[in-house]
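One-letter residues, chain by chain:
Protein chains: 2
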Amino acid sequence: MMQQAAIGLGVELRVLAQRPDDPAALVVPGTVIGDHHDLDALKSFAAGCDVLTFDHEHVPTDFLHELEASGVAVRPGAAALVYAQDKGLMRQKLSGLGLPCPEWALISCDDDLADFGATVGFPYVLKATRGGYDGRGVWMVDDLAAAKAVLAGAAERGVRLLAEAKVPFVRELSAQVARSPHGQAAAYPVVESLQIDGICREVYVPAPGLSEAAAVEAQRIALTVAKELGVTGMLAVELFETGDGALLVNELAMRPHNSGHWSMDGAVTGQFEQHLRAVLDLPLGQVKPVAPVVVMANVLGLDLPEVYPAYKHVMAHDPGVKVHMYGKAVKPGRKIGHVNVLGLPGRTLDDTVERARHAAAYLRGEIDE
Amino acid sequence: MMQQAAIGLGVELRVLAQRPDDPAALVVPGTVIGDHHDLDALKSFAAGCDVLTFDHEHVPTDFLHELEASGVAVRPGAAALVYAQDKGLMRQKLSGLGLPCPEWALISCDDDLADFGATVGFPYVLKATRGGYDGRGVWMVDDLAAAKAVLAGAAERGVRLLAEAKVPFVRELSAQVARSPHGQAAAYPVVESLQIDGICREVYVPAPGLSEAAAVEAQRIALTVAKELGVTGMLAVELFETGDGALLVNELAMRPHNSGHWSMDGAVTGQFEQHLRAVLDLPLGQVKPVAPVVVMANVLGLDLPEVYPAYKHVMAHDPGVKVHMYGKAVKPGRKIGHVNVLGLPGRTLDDTVERARHAAAYLRGEIDE
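Protein chains in written order, with this note's numbering: chain A, 566 to 934; chain B, 566 to 934.
Calculated directly from the structure, the hints in this document are not laboratory data. Be aware that a few hints might be false.
Note that the list lumps identical chains together, so a pair holds whenever it fits in one copy or between two copies.
Said to hold, decoys possible - Think about it this way: if two alpha-carbon atoms lie no more than 16 Å apart in a straight line, the pair counts; the simulated EDC-like pairs of lysine to aspartate or glutamate are:
#1 K658 to E721
#2 K896 to E931
#3 K893 to E577
#4 K608 to E777
#5 K731 to D707
#6 K877 to D846
#7 K713 to D933
As the structure is a prediction and not an experimental result, all values here were calculated from the model.
Taking the hints into account, I'd like the entire structure generated from these sequences.
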């Protein structure tokens with residue numbers, strides 16, 4: 566999807582991909598196949614680039630520092646990206662900035678688990694500080710015994726744990742901002758995301774019924790994070806909204822994010838173009854939606870070996886649905902694409918949600934009518 | 566630009582390009598370098614494709630017939646595309662269908678030139694039946710001597726001529742439709758194009774002040790052409806509007822067309838996506854604009870060797886401008902990109918035109934403030 570934006574801007578995108586059948590490798594000429602855990606591969610790749618950026622957080626932090634030391638323009642830089650890589654560091658930093666977080670503690674031993682349980686009660690949440698994704702690396706523990714079992718398993722694999730209070734949230738929000746090296750920032754409308762089993766399923770734009778004050782607060786949090794952590798490029802701050810309307814930071818992502826895919830069709834400047842503009846230190850684009858409501862629904866792989874035949878039905882059923890498929894092999898639960906729907910003036914949000922949900926369900930083979 | 570649409574649809578685009586630095590070759594992996602005047606190159610390229618389509622009209626008609634005879638799905642097919650390749654055949658066909666054309670005659674000898682002058686008067690227009698583009702292959706002749714000189718020059722180069730009356734038009738319009746092999750069609754809003762020296766400079770969407778009746782008539786003409794000529798994919802019918810509101814067909818293009826670039830940002834379904842959907846026989850997408858007015862301005866190469874530095878000014882000046890650059894080397898007069906601007910509700914068309922015109926002029930180096 567970054568390639569679509571790069572083509573428009575006339576910017577040459579080069580990609581380091583792990584495998585020749587990675588989606589990016591299929592659409593970007595001259596993709597280099599290599600491992601982002603290999604410093605030499607990273608250095609050799611970066612040598613041909615004006616700016617190095619990412620579509621995931623998994624390049625080792627030390628390597629990012631080495632690349633920067635050797636003169637590579639890494640955006641976001643290692644000093645910022647580490648907070649998207651390490652949830653423990655992220656909690657320390659955000660709490661230090663006075664930004665609202667769930668109660669949390671770093672866990673080193675069984676006593677830490679018991680202490681945290683005494684403070685917030687059970688159940689609570691344990692998270693791997695690094696490497697979790699889409700619900701992986703997260704455990705809800707009902708009692709101390711369960712917590713100890715998770716810690717033992719984590720210790721065996723060399724995984725460090727963070728404990729967080731279970732937040733009685735009513736919904737999840739996402740506040741996305743872009744920030745450039747010269748310090749310009751732009752805040753997208755705050756959106757609501759529907760998560761099931763830790764995986765984003767749908768996004769509603771703007772977050773329905775969110776008060777102006779809460780929206781401004783969410784954007785303030787995201788802009789503060791971007792500035793104080795020195796983020797360049799797109800930043801997504803995932804937030805919990807609690808019953809009393811309070812906001813708590815859940816996760817950070819420093820790249821185009823699933824919660825911003827709506828902007829590809831629904832905003833004047835899509836998040837991939839904005840990310841490129843930000844990391845290239847070009848002025849940022851307008852973030853205004855082009856429709857009163859926009860809905861994004863993820864297409865998760867189910868058991869259709871091939872989604873293309875479903876296009877005929879989905880496109881005929883609703884010519885307004887924007888289909889984005891990623892060229893990934895279909896695997897159960899894998900995000901293989903998404904659809905965006907722009908709401909029609911005078912129609913309800915429900916109508917727009919129904920359109921997006923139907924298209925995504927049909928594309929994944931969940932329904933056949 | 567087709568690659569941007571192909572990525573979204575998850576369709577693998579393969580390109581046959583003349584040179585490794587052709588814009589498409591820069592952004593599409595595995596581009597085959599070859600000559601579209603070479604039947605073997607065409608056949609070998611087509612062997613790996615489900616559907617063969619075009620971004621220009623210059624593949625020899627005979628070769629298209631041979632490809633079809635060998636089982637290649639050529640869309641638009643040779644029987645349709647020939648009318649976009651040969652202006653003489655186009656005039657015969659459209660007049661046969663009763664569609665409004667300027668007065669015209671095929672020219673074989675000096676007597677034909679004199680006869681046509683006696684019928685419509687001087688000045689009139691001579692056109693090469695094949696190969697003209699952006700004002701090339703078009704001559705306005707003031708008298709018989711000038712006409713004879715053009716004919717003599719054309720005969721030397723083996724170029725056949727068509728004569729057309731000079732139309733006292735007040736503006737040029739373009740009616741774009743998409744049509745698929747199974748016969749579905751969709752008509753985009755009729756637009757006005759501003760041409761200078763035979764080159765499109767700006768497009769206004771929808772055509773300002775066009776009556777509902779005239780818009781419907783323009784769409785009817787385009788839909789009739791698409792159906793009766795058996796077009797698949799995008800079709801642009803360029804029209805003259807005369808002082809009394811009559812419409813006359815000027816040119817046909819059977820591909821995404823400059824007059825439709827506005828749709829990339831300004832319509833639910835952009836013309837490149839629509840072309841792919843049409844030639845792949847997928848259901849067509851919604852053609853509704855996403856803003857009350859949309860303006861496209863071409864960026865013509867002037868004397869800036871490198872346009873990228875101008876981005877900072879243009880993007881900072883107006884964050885709502887959508888920049889599309891083609892990765893072409895800058896040559897005077899060459900179309901090297903375009904900008905789209907979505908009009909803001911409550912603002913005038915003039916305001917939107919001014920925004921697009923400023924950005925395009927700055928990008929081409931015509932202004933520096």
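Against which earlier hints does the structure fall short, listed by number upward? 1, 4 and 7
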